[in-house]
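S.K.: Each chain, written out:
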Amino acid sequence: MNWLTNFVPPKIRALVRKADVPDNLWHKCPACGQMLFHRELEANLHVCHHCGHHLRIGARRRFAMLFDDATYHEIELPKTAADPLKFRDVKRYSDRLREAQGRHQADDAIKVAHGRLGGASAVVACFEFDFMGGSMGVAVGEALVAAARLAVLQQAPLVVVPASGGARMQEGILSLMQMARTTIAIEEVRAAGLPYLVVLADPTTGGVTASFAMLGDITVAEPGAVIGFAGARVIEETIREKLPEGFQRAEYLLEHGMVDMVVPRRELRQTLIRILDLLHRRQPPAEVLPPQPVLVGKEPAMPALPAAEDHPPER
Amino acid sequence: MRSFLDFEQPIAELESKIEELRHLPGAADINIADEVSKLQAKAERLLRQTYAKLTPWQKVLVARHPDRPHLTDYLAGLITDFTPLAGDRTFAEDRAIIGGLGRFRDTPVMVLGQEKGADTESRVRHNFGMAKPEGYRKARRLMELADRFGLPILTMVDTAGAYPGIGAEERGQAEAIARAIEAGLAVGVPFVSVIIGEGGSGGAIALATANRVLMLEHAVYSVISPEGCASILWRSGEHAQQAAEALKLTAQDLLRLGVADTIIPEPLGGAHRDHAATVATVGDAIASAFSSLAGMDGATLRLQRREKFLAIGQNGA
Ligand SMILES: [Zn+2]
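Quick note, the sequences are listed as chains U and H, same order.
Residue numbers for the first sequence follow the working numbering, so the first one is 1 and each next one is one higher.
Residue numbers for the second sequence follow the working numbering, so the first one is 1001 and each next one is one higher.
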């Protein structure tokens, strides 16, 4: 902890020295290396205030940032067979899984919640990258099926925030099959005429990108997020060439037409609300309504727009 | 000249001894003929024993065997009036995926799949069966075309995986695969897929979201290559054999897991030993897969496909 003595003002140093202070008060920005105080980081939605780097965040923090009043209900996810292949590398997969479950107090690499987003109900599924690299096996696939069905049941849009290294190798072919299963899941949302939005977070690669993550009606990416199919190392080894600057970053994908927009985390919630309001042909919340035009004459100049509830968007 | 895999060396030795004897002056001599038939019986026994208990890694090698019948062989043997269709209408023609119209046993179908190539020149032309986004976009285009005209779809999967390259990423490899998966699941026509060799990851499932997934006896189908898996989980590609075992990638494993619906037996010693017999057996298996789907309307076919994939991995939960 020698950075403390070097960089931190004495007052804070004294604070940190207190025995009951958790040792994660400070985070190092993985991009610029600056130390970030946790309270400041929290206030800034885990975006480095030095360089703008968007740090990876867990599902619950994401839910709190997205839902109205940070209020949401997490759903219990379907139970699936743990370690269906009895997979073992240098370690048993069942042990790895149990370890991850214990460390993260979670069943697997995804959480699903519903709540209000701009006043209307929405279902959000978020990946936990820290849980085995956010990899997608049967449990994650099943959770996405559950999320899609909940959205249909509630007639609510589905928002998915992937952050994943791809398929969970230790579930072999069953993890590959999740590419088909999750595609079926979001097709159910689409068939119900409901919006399906994707927020690509850092990183989204492999089989996750090559299935539901690239099938959003509208696709938003977080700044700087790595998004791609093949890993950078695999590509370099195949073509024996250095990769271009910014390769597979969100901005690069925007440039190549693969995402609709790159949205800073601070604007993410408002952007999603605006998109959903527009897709549902809803009026924006009252406080941001433009002043009503004063009508002259007997009849309104324009026929009233139909309410979204009466006219679900056509497919 | 036949190419032999490492584990086939004892068989190779016997076969070359047989050849030698056959070319000896006086090969018609009764003693030599007797010796030849004895050796032949021994070679066949050895072949049978070896192929009856191939390890998963050996199956990977057989599935990748350079002499194994490829898409082109099946097209020549099973499809008449084959009319290749090219291009994704957006960027390019990707010869890693060959597809087009044709007749399978008189019925017009859409047929497509990866072609690895058989010699240096054709391997380069087909990019070793590793498709780029335009290949998957062409596949999607052909599947949707088939759907519009009510043509059954037949795919043959044989790829190490989608091509990892700068251009492929820039043009949306992931999106192209995702859309091909989506298209395969959406079509309202009978869709049969055969894993004829190597079913490599996302690049394979892009063509395999079918009503019936058939696998040749020694074909493999996996989320990652054993080498790739070993280098990540064992941190050394040398553990590929163990990875092949752990991944459960053989046709026999996949039948048990509900991913494959049928295993198509291969000739003794593998498909590469007898192309004609392999192609004929595959043809019969395809015919019976299509006839099992006969009479289902579009909605039923779509539903059957969805339910089949949704059920995978659900037993034993
Ligand atoms: Zn920074």
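Hints are supplied without guarantee of correctness; some may be wrong.
[Said to hold, decoys possible] Label-pair distances were calculated between CB atoms; the ranges are:
1) H:Arg1002 - U:Val234: 31 to 39 Å
2) U:Ile75 - H:Leu1255: 30 to 38 Å
3) U:Lys242 - H:Asp1119: 55 to 63 Å
4) U:Gln283 - H:Leu1255: 53 to 61 Å
Hints are computed from structural coordinates only; laboratory data are not their basis.
Every residue gets a Cβ at the ideal spot worked out from N, C-alpha and C, and that includes glycine.
S.K.: So does Gln283 of chain U sit 53 to 61 Å from Leu1255 of chain H, Cβ to Cβ?
M.R.: holds (56 Å)
S.K.: Would you say the C-beta atoms of Arg1002 of chain H and Val234 of chain U sit inside 31 to 39 Å of each other?
M.R.: holds (33 Å)
S.K.: Note whether the CB distance of Ile75 of chain U and Leu1255 of chain H lies within 30 to 38 Å or breaks it.
M.R.: holds (34 Å)
S.K.: I want to verify a distance hint. Is the separation of the beta carbons of Lys242 of chain U and Asp1119 of chain H within 55 to 63 Å?
M.R.: violated (32 Å)
Violated hints amount to a single one, hint 3; each of the other numbered hints is respected by the structure.
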